[in-house]
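**Q** Sequence:
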Amino acid sequence: RMCIGPKCAGCLFFMGAWGAIFMAVLGGLFYNQSVGLFDDLPEMSLEDIATLTWEERKDEIAKAYTQNAYNAWAAAGANLILAIFGISRICCIARG
Numbered sequence: 001r002m003c004i005g006p007k008c009a010g011c012l013f014f015m016g017a018w019g020a021i022f023m024a025v026l027g028g029l030f031y032n033q034s035v036g037l038f039d040d041l042p043e044m045s046l047e048d049i050a051t052l053t054w055e056e057r058k059d060e061i062a063k064a065y066t067q068n069a070y071n072a073w074a075a076a077g078a079n080l081i082l083a084i085f086g087i088s089r090i091c092c093i094a095r096g
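Under the working numbering, the first residue of the sequence shown is numbered 1, with each subsequent residue one higher.
These are calculated hints, taken from the structure and not from any lab test. Do not take every clue at face value.
As the list claims (entries may be wrong) - Using C-beta positions, here's what the derived DEER-type ranges look like:
(1) C92 <-> L52: 54 to 60 angstroms
(2) G28 <-> L82: 16 to 22 angstroms
(3) C3 <-> A62: 40 to 46 angstroms
(4) T53 <-> K7: 56 to 62 angstroms
(5) D48 <-> Y70: 19 to 25 angstroms
(6) W18 <-> N71: 17 to 23 angstroms
(7) W54 <-> A94: 57 to 63 angstroms
(8) I90 <-> D59: 15 to 21 angstroms
All residues carry an ideal CB built from backbone N, CA and C; glycine is no exception.
Full structure from sequences and hints, please.
**A** In structure tokens, the structure reads:
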């Protein structure tokens, strides 16, 4: 019995593959600490800014970039799983 049809499986594969590529590239940009993504980092509180030295703030910013990179790569893995499910359904439907 078919739970999803060929069009749905194709859409699932395409969206999963595109999402995996996009999130993997985004994770790489976060890992390289791209300045353009600085606005996407979690904000520091005014208390943190007042109490931390510049070196400590730089370390916190670097940790935030790294954590965002790991989060993006986890999302890429989830999208890849969806793409694999979609392509497996396409193969099952093609076999008939």
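**Q** Look at each hint and say if it fits the structure.
**A** Here's how the hints hold up against the structure:
A C-beta distance of roughly 55 angstroms is found between C92 and L52, which places it inside the suggested range of 54 to 60 angstroms. Our hint of 16 to 22 angstroms for G28 and L82 holds, since their Cβ atoms are close to 20 angstroms apart. Against the hinted window of 40 to 46 angstroms, the Cβ-Cβ separation of C3 and A62 comes to about 45 angstroms, which satisfies the hint. Restraint check, T53 to K7: a C-beta distance of roughly 57 angstroms satisfies the suggested window 56 to 62 angstroms.
Between D48 and Y70 the beta carbons are some 21 angstroms apart, a value that agrees with the proposed interval 19 to 25 angstroms. Against the hinted window of 17 to 23 angstroms, the Cβ-Cβ separation of W18 and N71 comes to about 18 angstroms, which satisfies the hint. Separation of W54 from A94 is about 59 angstroms and conforms to the stated range, judged on CB atoms against 57 to 63 angstroms. In this structure the hint that I90 and D59 lie 15 to 21 angstroms apart at CB is violated, the actual value being about 47 angstroms.
Consistency with the previously given hints fails for number 8 only.
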